[in-house]
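*Asks:* The listed protein sequences derive, respectively, from chains L and D.
This note's numbering applies: residue 1 is where the first sequence begins, and numbers increase by one.
This note's numbering applies: residue 1 is where the second sequence begins, and numbers increase by one.
There may be inaccurate statements among the hints.
Dumping the calculated DMTMM-like pairs for lysine to aspartate or glutamate here, alpha-carbon to alpha-carbon at most 25 Å [stated by the list, open to error]: (1) Lys9(L) <-> Asp139(D); (2) Lys336(D) <-> Glu120(L); (3) Lys14(D) <-> Glu284(L); (4) Lys215(D) <-> Glu104(D); (5) Lys177(D) <-> Glu8(L).
Source of the hints: derived by calculation from the structure; they are not laboratory data.
Just so it is clear, the structure is predicted and the values come from calculations on it, not from any experiment.
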Amino acid sequence: MNKYFQDEKIRAQIFQFLTLFMILGIFGYLFHNTQTNLEKQNIATGFGFLKFEAGFDIGESMIEYWSDDTYKKAIFVGVLNTLKVAIIGNFLAVFFGVLIGLSHLSQNWLLRKISKFYIETIRNIPLLLQLFFWYAVFTENLPGVKEAMELLPNIFLNNRGLYFPIPVDTKSFSFIFIALVISIIGFFFLEKVRVKKEILEGKSFSFFEKLNYLIFLLPVLTWFILGSPSEINYPSLSGFNFSGGYRFSPEFSALVLGLVIYTSAFNAEITRAGISSIDKGQWEAASALGISKSDSLKIIILPQALRVMLPPLTSQILNLTKNSSLAVAIGYPDFVSITNTTMNQTGQAIECVFIIMVIYLSLSILTSFVMNQFAKRFQIVER
Amino acid sequence: MNWFIYEFPKWLKKNLFNTPVNSVVSLFIISLGLKASMYILDWTFLSAVFTGDASTCRESTGFCYPFIKEKFPFIIYGFYPRELIWRPTLAMILLLSSFFYVKEPKRWNKYSLWILSSGFFLFFFLMRGGLFLEVVTNDKWGGLPLTLMLSSIGIIFSYPFGIMLALARRGNLKILKTLSITYIEMIRGVPLISILFMSSVMFPLFLPEGITIDKLLRAQVAIILFVSAYMAEVIRGGLESIDKGQYEASNSLGLSYFQTMRFIIIPQAIRVVIPPTVNTAIGMFKDTSLVLIIALFDLLNTTKSSLKDSDWLGFSVEAYVFVAIIYYVFCYAMSKYANRLEEEFGIKSR
């Protein structure tokens, strides 16, 4: 017997099983307690409650929703709202983050100092506080409906939200949008083919370079085929409120604004660190070859820096998505907020927490997958 | 003076006006900056109200200092009895000075742990009372002391859990490894809010009948569970930075796994991970503000509640700017500390 305790491997296994039993024991105990408590409160376990009538209204929804719809639909509305914030927010946060990160490295002393000030201030103030601040600015300090600010022609801002024009014929415009996305993807594909051909044959196909832009005729063509709809729905003041156009509610606007400002400070720092990690020799070599500064940034530095930047950028994208759950504090009906309402109404705490975990975990896996695909393009090709 | 005439124009030319584009950008920023600083000067000083009440503030467009003065005790101390305010004040001073003493790397020895624990002990003693002091139950705690408590206890208690999780994740024991990876990735995949919700509705279900734990402790446990997962990843980074030769050397000296970890690996790894730990602490300090969602009166929630006073409606910008400065001071100090440590350790390791 004593012999076995001398063997480190066996000892480790014994230790492992003891820990496992302890954890299982704790879980079993908690599970038992939960069972008895749930029985006492007459709560049935399982996901049956999803089919019941939700009975609460949701402030804003991208699909049609009434309070007599099911919990399942309510949660789906929440997921769509979360995705809306996450997608718009992440695009803006990455865009501004890279821009601010680049200006942190600019030659201009003032630009550098301002970017540094922005990054250091924003990163040191809690996001929730910033969200409250922007929400207060939106609801208390912005002018009322009658005195709405016109930021750009036909884009209005007042304490009821942000109004902007949208085309009347949304259906055909969504087709045009899809065509535009296809042509952008197609353009990059054609460019890749051209560059590959250039490398293979050692000739330059500058004619094709211009020809490839022709793919952008696709959305224009779609527009003509669909009967060239040009009517646009402008927001305008009628009576006590704006009608027409599309409205971003103050909750949504404050949430996106706060998230973008906060996350872009982190993205800027990632960009700065990524670009400074590139050896100075790369810049010098590029300038020795006669490549201009902006061109060398575009074709030499950024592709290399992206390799360093992508993993932390992915985690910031996930952070923004997770942080969008702070919406509950300013009353935007995101997925966590709706699930929380469901939890309070039905008492199905375990199931609701399970739903939250599953949805967020699938969002993170999806994001990591997309970013990994993107990262593959910039990997070092070992020879 | 000489410098101003000869060098300053050169500096300007080099840093602000070296290319036409940069000159335009500089002029644009200068004009914008002038406008912004005029506005800020006007808002905080020229048209600000220094004495008076809500009605005098409403007449002016500037910063309302009387509001801050009126609400200061509530924002900082929450519902703590007004006549006992010296206790949380002293408690915070003691706790912060114990941190301040311990933060120097040259004082990191076994006594520093004693100083930290006595700091915490005095903090809780002063906050709660007992013996010859009047007892103040923790539903009255709030404001800055609560925020400090939630974040510092969260960080310190998550350390041992983080070390255990990190060791399990890097070890060869398959089952423990799987458990640790599941835990870390699951917690890191969901927002803190959902864990706080879980703590407020699920913890009561877990406990046997008749036993309840109060709201503050539930939130504190949720925070510790949450930070442990992040801390585990930080510590794993530190463990991975230790050279493989260290493990091999201690193995060949005949040290057991626990001895290797206790005397060789962890002391070295901790040094590497202290700067990123401070960064986690900054995140933690900011994230404690989320407890307002489960109705605890931390610094942000007291600020938010102070805005509900019907005599002082409409000064939210003042309140939020004031409390943002408090958060900023703490986070900035911590980030400077992390930078300094990184530099010091960086030089030593070369």
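*Asks:* Any hints from earlier that this structure breaks? Give me their numbers in increasing order, please.
*Replies:* 1 and 4
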